[in-house]
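2 protein chains.
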Amino acid sequence: MTTYQQLVLASRPQGEVVPANFRMESVPVPALKDGEVLVRNHYLSLDPYMRMRMEDVKSYAAPQAIGEVMIGGTVGEIVESKNPKFAVGDKVVGMFGWAEMGVSDGMLLRKVDTTHIPLSAYLGSVGMPGMTAWYGLTQIMQPKEGETIVVSAASGAVGSVVGQLAKQRGCRAVGIAGGAEKCAYVVNELGFDACIDYKAGNLAADLKAATPNGIDAVFENVGGKIFDECLGRMNPFGRIALCGLISGYDGEPMALNNVRAFLTMRLTMRGFIVSEHIDLWPQGLKELGTLVATGKLKFRESVAQGLQSAPEAFIGLLKGKNFGKQLVKLV
Amino acid sequence: MTTYQQLVLASRPQGEVVPANFRMESVPVPALKDGEVLVRNHYLSLDPYMRMRMEDVKSYAAPQAIGEVMIGGTVGEIVESKNPKFAVGDKVVGMFGWAEMGVSDGMLLRKVDTTHIPLSAYLGSVGMPGMTAWYGLTQIMQPKEGETIVVSAASGAVGSVVGQLAKQRGCRAVGIAGGAEKCAYVVNELGFDACIDYKAGNLAADLKAATPNGIDAVFENVGGKIFDECLGRMNPFGRIALCGLISGYDGEPMALNNVRAFLTMRLTMRGFIVSEHIDLWPQGLKELGTLVATGKLKFRESVAQGLQSAPEAFIGLLKGKNFGKQLVKLV
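Line order of the protein sequences matches chains A and B.
Quick note on numbering that gives the first Met the number 0: the first sequence kicks off at 0 and runs consecutively.
Quick note on numbering that gives the first Met the number 0: the second sequence kicks off at 0 and runs consecutively.
Some hints could be false.
The list treats identical chains as one, so a pair stands whether inside a single copy or across any two.
Unchecked claim - Dumping the calculated SDA-like pairs for lysine to any residue here, alpha-carbon to alpha-carbon at most 25 Å: (1) Lys143 <-> Ile272; (2) Lys207 <-> Tyr3; (3) Lys90 <-> Leu118; (4) Lys166 <-> Asp227; (5) Lys143 <-> Asp278; (6) Lys143 <-> Leu31; (7) Lys207 <-> Asn82; (8) Lys328 <-> Pro27.
What the hints contain is simulated information worked out from the structure, not anything from laboratory work.
Work out the full structure: start from the sequences and follow the hints.
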């Protein structure tokens, strides 16, 4: 194997992301220098945050450069090593982006144990999405036993973990998801107390019925009307972990209308980026890893096959077509 | 004097508050029971929060009942006492509402010293509005030296204190107010670094010019477009103390459009009600009282004469016609 494939950002989206925003390239496998390793990626993670990086706007991170490999988390295997800390066959988590292979000096690579935890889970419940859920829940929502928490995109990689962790802390966990199948999964498989199908057309009434004691904390992934409905059900001193606003990523207007609730209910809202809280990752990953290894934290994956499927899978993710963690299988 | 005057809520406002929402009543001065005092109110405080109480909606406090005396803070003098803790002539802060007199068992009365601080200031900079400013600034905005803070309604009873306290903590203080006269006062008299006239029609450009290093913390009294403009200038990890939304109190739509800034800049917003943090009042009032007594905290009052002027003065306050703390002088 002397070349590998990678996907670069060809152009910035005008509204919705389209396949033409990406371009496949074939590049030579580089020769390793001392200290470097070559990784063959087994899975690529697709995550909503990538949508924001595709735009050239002021944000928490520099925009994805045109012509460069799309960023993204990956898990894979060392296939060649000139670094004594890594042996051929070691499984590693990295940030090689939308590419079949990658070279690293090892600095940002993390070896993982796949004895009890499947490799792909390190991109999901025991990776960045899981930590996002853990951070938002424990550090911002801070739910107490008996409180009601609501999480949007509840069947997704992040939302599914939020609700399960909340249940383990004695909370009433209510999810919001799109479609009866996802909602059934959230309640029957993940163990949430209720899940509201926002596509069913009765969001306000269904939310009221599912939260008879109001809402104490929200994990918000979506924004827009769903978020406004939640704000109208908040109890005094409610907390909102603002993780994503996927409903507005394509530029649709996404006003928050119920601003007054923040005042009348003395709410606290905090936006966060989990990569800025690396100090808490060991603590969070320990809890998440134990739960996955012992079968107490369930997850589901949507797996697209081959790097060429990544653009369509990503576009589907932004429209909620995935079911659980969206991955691209590369090997 | 066997009777006194009081204003009751006659009807709930439909949109803007109108004089017909209030009704003047003459009531007998009651005979005191043991333990009670009779207070003659010298000043009545008019505050934006009263507007929300006039409506029958879910909020932090029960709505003002129809036919009952409008609530409100007052300062006055003991004119009769059957309570050993209070002597005739003592100056007191109370919550007697829109009324010339009031009877109390002393529980919620606070004796104040007018040697160095004028009585009316206990309804302003050394009272609830001052504490509102102090709490929002010190507990939520937590500005560090060199940071830029922005406060809307900057010439008002709360905003004026926010900016002055921020200046004393080494911040750049930028106000927003309506009209050139108020803005000149905010800069020249109160010592803010800049003040933007939102009526001048260049809000976005003026805000940008006044905050060359962005905004680190906002004290929000107004809401609406002004708030959105501020959100667009926030620096990472900015803090927003949400104190009021006066632009929306009459029911105008008041959407927050720049929700995305909360995510991209990892902002924290907290709504608060200062009366829920009584534990901090001694600390705050000590700082505020010392500053007023030594001339280091300046304030301005708009004083309406006589209880009958309260409705018009209150309606003017909601439209920004007041200049500084709005009071009604009763004696």
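So, going through the hints one by one against the coordinates:
1. Taking identical chains as interchangeable, the C-alpha atoms of lysine 143 and isoleucine 272 lie at most 25 Å apart whether they share a chain (23 Å) or sit on different chains (22 Å).
2. Proximity of lysine 207 and tyrosine 3 under a CA criterion of 25 Å is satisfied in neither setting, with 52 Å inside one chain copy and 47 Å between copies.
3. Taking the shortest Cα distances, lysine 90 and leucine 118 sit within 25 Å of each other inside one copy (8 Å), while across copies they are farther apart (73 Å).
4. In this assembly of identical chains, the alpha carbons of lysine 166 and aspartate 227 lie at most 25 Å apart only when taken from the same copy (24 Å versus 36 Å across copies).
5. When the C-alpha separation of lysine 143 and aspartate 278 is checked against a cutoff of 25 Å, the pair qualifies both within a copy, at 23 Å, and between copies, at 23 Å.
6. Within a single copy, lysine 143 and leucine 31 get their C-alpha atoms no closer than 52 Å, and across copies no closer than 47 Å, so neither meets the 25 Å cut-off.
7. With identical chains, the CA atoms of lysine 207 and asparagine 82 are never at most 25 Å apart, being 57 Å at best within one copy and 50 Å at best between copies.
8. For the homomeric pair lysine 328 and proline 27, the shortest alpha-carbon distance inside one copy (21 Å) is at most 25 Å, but the shortest distance between copies (84 Å) is not.
Consistency with the previously given hints fails for numbers 2, 6 and 7, ordered from lowest to highest.
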